[in-house]
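A.B. asks: Each chain is listed here by its residues.
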Amino acid sequence: MQLLLKRLAKPVSQGAVAGVLCIYIALTGMMEAFGEREIVAGVLDLGKVVLLGPFVGLGLLQQQAPNRRVGWIRVLVACLAGIVATGLFILFIDAVSIRHMFTHASPALVAYMTMGQDALAAGLGLLAVAALAAGAVGFGLALIPAYLRNTIFMAALLVVGMALLSELISQVLRQILNGRPDRLLFSQGALRPAVAVIAAAAVFAWRGLAPRIRLRVQDRLPQLEPERQRQVSLAVRGAGVLVLLVLPWLVGSYLSEVLANVGLYLLMALGLNIAVGLAGLFDLGYVTNFAVGAYLMGVLTNSGPQATGEFNFWLILPVSILAAMFTGLLLALPVIRMRGDYLAIATMGFGEIIRLLALSDWLAPLIGGSQGILFIPKPSIGAFTFQTPQHLFYIILAASLVMLVVINRLDLSLTGRRWMAIRDDETVANAIGIDTTWIKTLAFTLSAASGGLAGAIFASKLGTIFPHSFSLLISMNVLCIIIVGGMGSIRGMVLGTLVLIGVPELLREFSEFRFLLYGILLMAVAIYRPGGLMPARARHYRTESAPQPAGGTPATSSSAASG
Amino acid sequence: MPNRTRCFPIDDKPSPVTAANPSPVATLVHRLALNRMSWVDVVLLLIRIGFISAVVIGSTRTFMEGRFSTAQWATLISAGVAQGSIYALIALGYTLVYGILRLINFAHGDVFMCGAFFTVFLAIWTAQQGILERAPAITVLSWILFAALISMSVAVLVERLAYKPLRNKPRLVMLISAIGASFFLQYTARGFFTTAFRSYPTVPGLDGRLELGQITVPHVQITVFAVALALMAGLYILVERTRIGRAMRAVSENMETARLMGVNIERVIMFTFGIGGALAGAAGVINGLYKPQGVSFIMGFFPGVKAFTAAVLGGIGSVPGALIGGLLLGIFEALGPNLVLTGLGIPGSNQLKDVIAFLMLVLILIFRPQGIMGEVIEEEKA
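The listed protein sequences correspond, in order, to chains H and V. Quick note: the first sequence uses the working numbering, first residue 1, plus one each step. Quick note: the second sequence uses the working numbering, first residue 1, plus one each step.
Treat the hints as calculated values from the structure; they're not laboratory data. For clarity, every value in this text was computed on a predicted model and none was experimentally measured. Any given hint could be a false lead.
[What the hints assert, rightly or not] Have a look at the derived ranges for each label pair, beta carbon to beta carbon:
#1 H:464 with V:294: 24 to 30 Å
#2 V:49 with H:318: 32 to 38 Å
#3 V:102 with H:209: 50 to 56 Å
#4 H:428 with V:344: 44 to 50 Å
#5 V:244 with H:428: 37 to 43 Å
#6 H:312 with V:102: 48 to 54 Å
#7 V:102 with H:499: 28 to 34 Å
Where a beta carbon is used, it is the ideal one built from N, C-alpha and C, also for glycine.
All chains, full assembly: derive it from the sequences and hints.
C.D. replies: Written out as structure tokens, the structure is:
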């Protein structure tokens, strides 16, 4: 008996954790909000995914079971424990109203969790069956070979992704083809069941064939002459830029707005990446640079109450960048001796001081105080004004491409190498003769430039700026992009911006839970992938020929610079 | 030797020419050791001079004008002491954790928020049931206990989820996790309780004022200070007199040696987070007595940052330092806008109260990161 209890303790506690997870998701309101988003029409919605997800996880967890029979028993026990926890919770919120405290513990939630059944008992029974089935599916997934399991995960991801991005896909389809081709795929934003099956089948087919196809591409590229390789990579990049150029017209006005925001955050992320990713200077006050750029642009170009000069956008753009760099330099000097976490807190202090000053009556005659600055004109060339989000997207795209090239060159430069040396060990960097003070100041100053650029474009794009646009959350967003994307990795920045800024703006259901998910993501990245989703590639300097005593060629040092 | 960015690019060794016939400028530069100064030192010196002169000019002008009476100053100071004792309670959590893990527990302000936010519902309920009316002291005590319990659980949970997997990892990775935990707590509270603002009920007996000649002190402020002081005395006894307190001190002194001496490190860490959390929860209720309005999911940020400032000001890692730092910060924050900013002729000076706190944070981190009580610890460590 005691042995039995001991053996069951682990699955029971796992099940309880899954149940608590379910309750947590329900109480934060995520379950109901996600329940409104259907994935496969009439079959599955996102709320059910998060309700049953923990139970699938319970099944997957039993992978280490000594044999199948024990595994099935453990899955059963764990699922039952989870069901009991969830069921008790449902019974509790049905009997006792705790809505004045937990706003989401409403009858609607009970109805949703009991699968919309009228009778509570029937609903609970249905939930129990669904949860057990989910556990069985999870354990089934644990038993099959890894390649097949990954294929199934990919298919599921594709289906969910397609459903979530239905708006984007529909919009693109409508622009390319006439009529309403998206009606074939989606019904009210959810995938039609047949389409879901086809998409999943496509993944299976591709995974079946992929090893062979990929092998050929990967084998052939390095065999080409270097000249040809460069041509291929140029062609790929050119095609990428071409796609970006037509993108705003494909996706329409609203999504162009989203793209423009993604671009602005990408600019900031690329800038902050110099300080955080390359030089290891943990800057939590990046919004300062953004605010300086925005306010300079606003003050000097607006035609409202704070009008001073009403200069041209193109004239002020470089001035904003220089001003941001100057602020970056000024704020860098006092904190240049600090290391690590104290630096983070001090820079956060700067960010908040700037916001509070912008909000105060003291500077209000100059920068508008809490009233903000109004009537900032859109950029224009001659008679042409960049009026719509589509037009503005091109300015942001151009700025991002320029910054991408600049950052890429910096990354490969000697200065970039010095930054990385400081990041890895400041004392050693100093000892080998790097002027750490100067190099760190340079990192802060250059990193500020991109923030100022983003701020200037932001002010002009919005037409109005208010102090609350420059809260700590901007710095935090940018920092999240860098950490989640991968510190020091430029591809990581692009991916991070798309995932953390682009996706939440596309999915309005998520927007309320955006920062909750950021928090979880940050902890998960710190614990499981400290390098980020796309870590910076480790540089391999060619050292093979170095140990040769006499015959070593001095050419190695020059070739190392190309990374 | 790389070309360092010196402010006065005169070589350390005087060249033969200057040695034989030194120019007056070079002599002066050498005498004041200016040749060893980099640009950073000059900037820091300028900031120092600018800040001190701003404070001196501002406060002298305010005093010369005689804008405020003694009673008004006393009111400001007593408000500052009450607010400062709340900061001090929160600051203890930062200090205890920093002493042991060398980690800035970025989520600590949100632990405070959780205690205050969960308890506000209990408080409203007790007020509705009339329990508060009948036995105010015991009811408030039960709020404090409840909040301490909630915050303690939250702090321990955060430790288990966000910090425990990262033992012996770089401190910046822990900081990232801490920022994540802070977001997690804030937006969990937002999900649970929505964005609405709640407020604590008014406690009977706390709305009076104590008259001492010209000076009047509200009862709330006395209560806040007394409760905070009692809790801190309790903590001091816990740390100095009990077995687990000795273990805590041992771990903060040297974790490895403490482990070799048979101290259960994980238990001590968990206990530290728990104690820090409990104090933050209690601070949440006391804060609710002092400023009943404004209980919301973002309420933890400013007190959190300010308490951190207090902890650094007092000397992070030091328990009495947290008290001193908290009280000083509270008083500076209350006096600063009226004393310095009004004197400098800055309008709307009370809007800039938070600027003063942040400015103090930055200046302390720049000029005296070891704080007031810092050196004592440094010596003990050496």
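A.B. asks: Work down the list of hints and note, for each, if the structure agrees.
C.D. replies: Hint check results:
1. H:464 with V:294: 24 to 30 Å: At 28 Å between Cβs, range holds.
2. V:49 with H:318: 32 to 38 Å: At roughly 33 Å between Cβ atoms, residue 318 of chain H and residue 49 of chain V fall inside 32 to 38 Å, so the hint holds.
3. V:102 with H:209: 50 to 56 Å: This hint holds: roughly 53 Å between Cβ atoms.
4. H:428 with V:344: 44 to 50 Å: Since the Cβ atoms of residue 428 of chain H and residue 344 of chain V sit about 45 Å apart, the hinted range of 44 to 50 Å holds.
5. V:244 with H:428: 37 to 43 Å: holds, 40 Å
6. H:312 with V:102: 48 to 54 Å: holds, 52 Å
7. V:102 with H:499: 28 to 34 Å: holds, 32 Å
The structure agrees with every numbered hint stated previously.
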